[in-house]
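For reference, the chains in residue letters:
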Amino acid sequence: MIRSPLNWAVLGLLIERPSYGSELKARFEHRYEGLLQLGSDSRIYRVLTELEKQAMIRPMPEANPVSSGTERQPKRHYCATAHGRESFHEYLVEEMRELRRRSQLRARLLAVLVDRPLQALEVIDEIEDACVQEAIHTPLPAARARFPTDSVLALAQDLAAEECRLAMDPNLEFVGYTRRLFKALAKGESLPR
Amino acid sequence: MSLLEIKQVCKSYGRRSGRRVALRDVSLQIEAGERVAVWGKRHSGRTTLLRVAAGVEPPDEGVVRFDGHDLSARGADAGRGGIGYCQRSFRPSEGATVLDQLAVRLLARGESQTSAETQARAALELAGAERCVAREPDDLDGTESVRVAIARALVHRPRLLVVDEPTVGVDLLERDSILRLLRSLANQGIAVLTSVSDTACLSGVDRGLTIDDGVLRGRPPSEPASVVPLRRDLGRMSA
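Chains as they are written, first to last, in this note's numbering: chain D, 1 to 193; chain S, 1 to 239.
A portion of the hints provided could be inaccurate.
Mimicking DSSO-like on lysine-lysine, the simulated pairs with C-alpha atoms at most 30 angstroms apart in a straight line are [what the hints assert, rightly or not]:
no.	chain 1	residue 1	chain 2	residue 2
1	D	53	D	25
2	S	41	D	183
3	D	25	S	41
4	D	25	D	75
5	D	183	S	7
A few chain S residues that don't get close to chain D, going by computed Cβ distances all over 10 angstroms [to be verified]:
no.	residue
6	10
7	16
8	18
9	41
10	108
11	113
12	119
Pairwise CB distance ranges (calculated) [to be verified]:
no.	chain 1	residue 1	chain 2	residue 2	range
13	D	189	S	107	52 to 60 angstroms
14	D	125	S	8	14 to 22 angstroms
15	S	41	D	189	16 to 24 angstroms
If you are wondering where the hints come from, they were derived from the structure by calculation, not from laboratory data. Here a beta-carbon is modelled for each residue, glycine too, at the ideal position from N, C-alpha and C.
So that you can see chain D by itself, here it is in the shape it has in the complex:
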């Protein structure tokens, strides 16, 4: 099973369309800028090897095999396998569950401060400020081009921006609820039933 988000990101690019090492690296950097980093140049090839071992991708037959050893090696194109596509879909759903687990953990960790409600309220203020700052610094998308030159990239950017913008609503609502509870505790009141 793939563990690294980086490997899933590369698999996603190959599901989009077949590609080869250096092109994949360029597409990766363009698509996931600021979210994931490949690091060294050789990393993309290690990822491809791992994905191939797990039968998520496979090399494509060469269209024009090179006959002599004097010329440059042909670029090895990869495409996603049916197993790779299926696993990718499962990963997207599982990621949502993972986000839920993290949120649940955060909620339970806040309860640790039950005897220090004033400290909890400070933490809550800071979480709220972080939410607001994240929301206001998510750029307002420019007007959509009717026929974008790279429609996949445009859609990816649009979806990522919207996800970030909408994600703050439940966080702020949770902040409001949590603040009420800790305020009650700070006043020495019992928790409302």
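Please build the complex by placing chain S on the supplied structure of chain D, with the hints as guidance.
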């Protein structure tokens, strides 16, 4: 001196038994050309805050100053003084068409018909609603009615525009065009204060505030923003 200064304002509604506190010791400053949005749930006090900021409602306690002048002072006129409060409802008595609706208040202030219509058309163009000029208000869709309402507030050339929930009733795919309009007005030097119930509408504002149970929270205008990405914050907590 800030363009708008709200200082220690309190506001309540209702009588003693069913008294509801809408604003609790609220202070807020807004600078010229600043784009400020206040996020809050229903009954949080967000609409009251905007109405008080626009001089539409007086506070029970505290002071609201626009350009140094106390809005609650006798004879103060927020509209004439440079505040445009955007209202989405249209009164049939104020004209059959969008152009009439915009021109009527200018006519009431002594402008000639030609001047009033010219200014109304310019405001509609500024709000991106020039296509609506001859339409009846009832025929406008959600986005158009917001643009026309903004144009109606702009017709008096305000220095502060106040809009309560500008994207309510607007198609989701049109939402950002309204936000871009408000951003562009701020870029032209008009301070813009909005309430929002959707964090997506905080994108691109200069300052985001929250209001809950009448308490306003957020950074003052002068404090530099130091962004702490939330994901990193959550990551730390869940590591």
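Taking the hints in turn, this is what the structure says about them:
no.	hint	in the structure
1	D:53 to D:25	holds, 19 angstroms
2	S:41 to D:183	holds, 18 angstroms
3	D:25 to S:41	violated, 44 angstroms
4	D:25 to D:75	holds, 13 angstroms
5	D:183 to S:7	holds, 24 angstroms
6	10	holds, 19 angstroms
7	16	holds, 22 angstroms
8	18	holds, 20 angstroms
9	41	violated, 7 angstroms
10	108	holds, 36 angstroms
11	113	holds, 35 angstroms
12	119	holds, 27 angstroms
13	D:189 to S:107: 52 to 60 angstroms	holds, 58 angstroms
14	D:125 to S:8: 14 to 22 angstroms	holds, 20 angstroms
15	S:41 to D:189: 16 to 24 angstroms	holds, 22 angstroms
Violated hints for the displayed structure, listed by number in ascending order: 3, 9.
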